[in-house]
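Going down the list, the sequences are from chains A and B.
Position in the first sequence (from 1) plus 27 gives the number in our numbering.
Position in the second sequence (from 1) plus 2 gives the number in our numbering.
It is possible that some hints are incorrect.
Claimed, not checked - Pair by pair, the computed Cβ-Cβ distance ranges are:
#1 B/Q213 with A/Y134: 26 to 36 Å
#2 B/D21 with A/R117: 29 to 39 Å
#3 A/R138 with B/H114: 50 to 60 Å
#4 B/A25 with A/R117: 21 to 31 Å
#5 A/K45 with B/D21: 44 to 54 Å
As the list claims (entries may be wrong) - Computed cross-link-like contacts, SDA-like style, restricted to lysine to any residue with a CA-CA straight-line distance of at most 25 Å:
#6 A/K41 with B/R17
#7 B/K138 with B/P168
#8 B/K7 with A/E164
#9 A/K45 with B/S218
#10 A/K72 with A/I29
Quick caveat, the hints were computed from the structure, so don't treat them as lab data.
The structure displayed is predicted, hence computed values, not measured ones.
C-beta: ideal position from N, C-alpha, C; glycine also.
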Amino acid sequence: MIDPFLYHLPRYLKDLMKREYDAKCRQLARWRVGSRSERLRPYLKQEAVLHQLIALGIYYRYVIAPLTSAGDFVRRLVLHDLGLQVAGQRIGSDLHDQLQAGRLQFYSLARTFGLEEEFFAISDLQQMVMNLVRLEERRHDGPI
Amino acid sequence: MARSKSPFLDNALLRQEIDHYLARFRSTFAQEIEKTSAFFEIACYNDLVRYYENMGFEPRPQNTAPRTRQFIYALSPNAKPANCSYFLLERKYRSTIVAFEIRHNLRVRSAHDDGVFISPDFTVIKPGMLESIRSKEYYNGKVDYDFVRAERLQTFADAKHYAPSPELILNFVGIVNELFPDLMTGALHSAVPKHLGPSLFISGSGNLHHQRIRASLARRYGINVFLGLFSNRTQAYSTRNQRNLVKIGTR
Chain A
28 MIDPFLYHLP RYLKDLMKRE YDAKCRQLAR WRVGSRSERL RPYLKQEAVL HQLIALGIYY
88 RYVIAPLTSA GDFVRRLVLH DLGLQVAGQR IGSDLHDQLQ AGRLQFYSLA RTFGLEEEFF
148 AISDLQQMVM NLVRLEERRH DGPI
Chain B
3 MARSKSPFLD NALLRQEIDH YLARFRSTFA QEIEKTSAFF EIACYNDLVR YYENMGFEPR
63 PQNTAPRTRQ FIYALSPNAK PANCSYFLLE RKYRSTIVAF EIRHNLRVRS AHDDGVFISP
123 DFTVIKPGML ESIRSKEYYN GKVDYDFVRA ERLQTFADAK HYAPSPELIL NFVGIVNELF
183 PDLMTGALHS AVPKHLGPSL FISGSGNLHH QRIRASLARR YGINVFLGLF SNRTQAYSTR
243 NQRNLVKIGT R
């Protein structure tokens, strides 16, 4: 499930992301086998969906969030009619706009499914699944 | 109000949306991926500027490239401060103007040993505190060796784009000991304006154990450890979080 996210990324990052993904999938499998919770069982059973969200969260934390984190600083400089040069390389406003477009589109995708940025920023698997379960339960109770 | 989709019930749609997203943005992100650590560091620099901005200081970029209109951000401590941009912070207190500079990757001389230098990612100093020496020990005596004395630091911070670990957090105490030995003995300055205590910005979110270490270091040494900055960007400067921050007075 993580493979589509890894295309074109450098090897070291691919390895890091893959390792985290595999570890979380193993953790999830152990949890599913060991869990006696009636509440969690229907969700833990749907491994493919959880794997998808784990992969999306890893992509957010390793790629989207860090690459777009300097956006506020670039905007601050724009107010002073300045550009940003990092280690001798200019970060043009077009590049900045492209990265921010990627970030906004990601939020839009997440919100379609009732998820916020914070959901993907959490790396703890149990916390992530519990947030998801609570969200699904609220969805049954009323509109989200 | 329309219901949002469910990742479980509308999984085909989620898969489709992810495919579209990756097709559109994957290449752009991949091309710039080597800049992630640098961008994270810059984001933390911006957090520090915002902290002072929220305290009423006016930040102004200084030493920018005049012809190209660029703010020069250096990632190496070898960059000469004269060639790097920084933010000057000014605030009027009654009749006097108080000013500080937020520099990045500036070399700081240890408070314990004149031959030891460390370059935290960000340093806050008063204007005019930079010194330089020319010695055969450094660059063969061909170039000035620029630094600021630890005693002249107001505060400093480091950014780590990693998942936190107890070792990573605790190692920061070593730098605090080199640059702010006063904090090791609990001798805090109290003059206003107040600065953030030496701070460690970590991108990864921590678990309960990391949070315990954070609380312990804050209590013992006046150190701030910011965890999970991607989920909570505003920790260092939000008004709501100010009471949870350790602050130290101006020297």
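Outcome for the supplied range 29 to 39 Å, where the beta carbon pair is B/D21 and A/R117: Cβ of B/D21 to Cβ of A/R117: about 33 Å, so the range 29 to 39 Å holds.
Restraint status (C-alpha distance of B/K7 to A/E164 at most 25 Å): holds (13 Å)
Satisfaction of the hinted span 50 to 60 Å by the C-beta atoms belonging to A/R138 and B/H114: Cβ of A/R138 to Cβ of B/H114: about 52 Å, so the range 50 to 60 Å holds.
Hint consistency between A/K41 and B/R17 [alpha-carbon to alpha-carbon, up to 25 Å]: It holds: about 21 Å lies between the C-alpha atoms, which stays within 25 Å.
Pair hint A/K45 and B/S218, alpha-carbon separation not exceeding 25 Å: Not OK: A/K45 and B/S218 at ~34 Å, beyond 25 Å, violated.
C-beta pair B/A25, A/R117: status relative to the range 21 to 31 Å that was hinted: holds (28 Å)
Distance restraint evaluation - A/K45, B/D21, Cβ atoms, bounds 44 to 54 Å: Hint violated: Cβ distance 19 Å, outside 44 to 54 Å.
Agreement of B/K138 and B/P168 with the hint, judged by alpha carbon distance not exceeding 25 Å: Violated. B/K138 to B/P168 sits at ~39 Å, over the 25 Å cutoff.
Consistency of beta-carbon spacing, A/Y134 to B/Q213, with hint 26 to 36 Å: Since B/Q213 and A/Y134 have Cβ atoms about 27 Å apart, the given range 26 to 36 Å holds.
Straight-line alpha-carbon gap A/K72 to A/I29, limit 25 Å: Holds - the C-alpha atoms of A/I29 and A/K72 are around 19 Å apart, at most 25 Å.
Violated hints for the displayed structure, listed by number in ascending order: 5, 7, 9.
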